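Residue numbers (my numbering), protein chains in the order written: chain A, 43 to 226; chain B, 43 to 226; chain C, 43 to 226.
To be clear, the hints were calculated from the coordinates, so they are not data collected in a lab. Quick caveat: nothing in here was measured; it's all calculated off a predicted structure. There are no misleading hints in this set.
Straight line, CA to CA, 20 angstroms or less: simulated SDA-like cross-link-like pairs of lysine to any residue:
#1 C:Lys-130 to A:Ser-146
#2 C:Lys-125 to A:Ser-160
#3 A:Lys-159 to C:Ser-126
#4 C:Lys-159 to C:Ser-146
#5 C:Lys-163 to B:Gly-124
#6 B:Lys-159 to A:Gly-195
#7 C:Lys-128 to A:Ser-146
#8 A:Lys-130 to B:Val-167
#9 A:Lys-128 to B:Val-167
#10 C:Lys-159 to B:Ser-126
#11 A:Lys-163 to C:Phe-127
#12 B:Lys-159 to A:Met-131
#13 B:Lys-163 to A:Gly-124
#14 A:Lys-125 to A:Glu-200
#15 B:Lys-128 to C:Ser-160
#16 B:Lys-130 to C:Lys-159
#17 B:Lys-163 to A:Thr-188
#18 A:Lys-130 to B:Ser-146
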Amino acid sequence: MTTEGRPDIDPAIRAYVDQRLAEIGPRVPENRVTMVVFSGDLDRQLSSLVIATGAAALGLEVSIFYTFWGLSALRREVHLKGKSFKQKMLAIMTPARLGKMPVSRLNFGGIGRAMLKSAMKDQRVASVEEFFAMAREMGVTFIACTMSMEIMGISEDELIEGVSLGGVATFLGDAARSRVSLFI
Amino acid sequence: MTTEGRPDIDPAIRAYVDQRLAEIGPRVPENRVTMVVFSGDLDRQLSSLVIATGAAALGLEVSIFYTFWGLSALRREVHLKGKSFKQKMLAIMTPARLGKMPVSRLNFGGIGRAMLKSAMKDQRVASVEEFFAMAREMGVTFIACTMSMEIMGISEDELIEGVSLGGVATFLGDAARSRVSLFI
Amino acid sequence: MTTEGRPDIDPAIRAYVDQRLAEIGPRVPENRVTMVVFSGDLDRQLSSLVIATGAAALGLEVSIFYTFWGLSALRREVHLKGKSFKQKMLAIMTPARLGKMPVSRLNFGGIGRAMLKSAMKDQRVASVEEFFAMAREMGVTFIACTMSMEIMGISEDELIEGVSLGGVATFLGDAARSRVSLFI
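One chain only, chain A, in its complex shape (with noise of 0.2 angstroms):
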């Protein structure tokens, strides 16, 4: 056995140190953050987006797994037709896309959301559609919970285009193994 380097070391004890660094087993976490977003407030949903496109530019991979109201940042188009009267209600609380939804307090009937965006603008800050956007962008995961959708009679055609589609084990899958997990 010779000492000179790492390529003659003892082919026994590469597979023991391999072996041994097996059973600790893979590098857990990965580099990756995963949200639900449950809210369908436009704050909320803001916040979510701020660390998507962040975390994306620093190399993280990302899913945001939408649910409940949150499905209103995924929905292209709200059918009424072939609802149910209690899956239209709930259709009618989750509005089309993102520009549409309330703020979290201060709403007074759309006053908060416009003030809050006219607020973001004089300050230069990207509004929600564009966070959206550079979230797709970037590679950020979009996934709608195909529960909520099922609850809410929310079919795929309403949704925009490139978001797939899963149920609570593709979140889990997901954060499992993420540094960050969030619930927004």
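Starting from the known structure of chain A, fit chains B and C onto it as the hints suggest.
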């Protein structure tokens, strides 16, 4: 020193590798999911139970730590006797059990709750009570926050059976070794 | 090559083990808890501070990143001069300091806040201001989200002393190496 196989690795080398592996610590995190459920909204509680049952089905250990309004999920009944006026008011805001909780949006004095529950039934989605029972059967640990219980004047006999009591150290003990921790 | 003990392990083997361990990366995560506090509700802020002080008492490093309505916790005073009308409205929604924040339920124009605070006092639970002071003394790091400050027109001199300023990269830098990350 022989090179035939692992059983013959020099004991000194074994000891060295053992020591170096011990330095990097145990495999962190464990296959575990921990949630704080702060909200008493039916829809948020439902989300926590969907995640809990999904995670348990995937073989993860799950603890849910119920605090503040979230304690509703664990209340068997609400006693008003022996409570201060303030505690009575707080008690009324945390109704007994899941089926009586409001939803975070669209509540309109209970219409939203009825509508959501009915839409879930139409889609053959389990009710929040069924999800809770499933979670319990699957071994999910339910912990009631003792500080919240004190503030709100909730006594142990108002809680359902099989609930653990714990403080923030209990939560952190579980969360610190979890793959996923969520505040709902 | 001797086999008497670790100090005599072949340097080539040491180097090989070092390299293999370096490949699996540093011990991840660190003993660290990171929170985003988005909500300006007294009860949610209280939860974040109970977790922060509990974690600090257990020897974990804690950072709290305050964003949007959560910034209330860090405001020393509210200036209206020099702010746009929209920023004035947003400023009024983020009152200075913890004691003036509404609760997420049962607020009724401040009655809920008074009742919760009084019930906490009756039970000899520290007030939210006391929890904040404790957290600070225990070395919890408080970070104000600069993007939220810009949107809401909050200047640095409206914040209490000893607060760091940071963006989403600051939050992610802490969260990515934390055992527990929560969005509150």
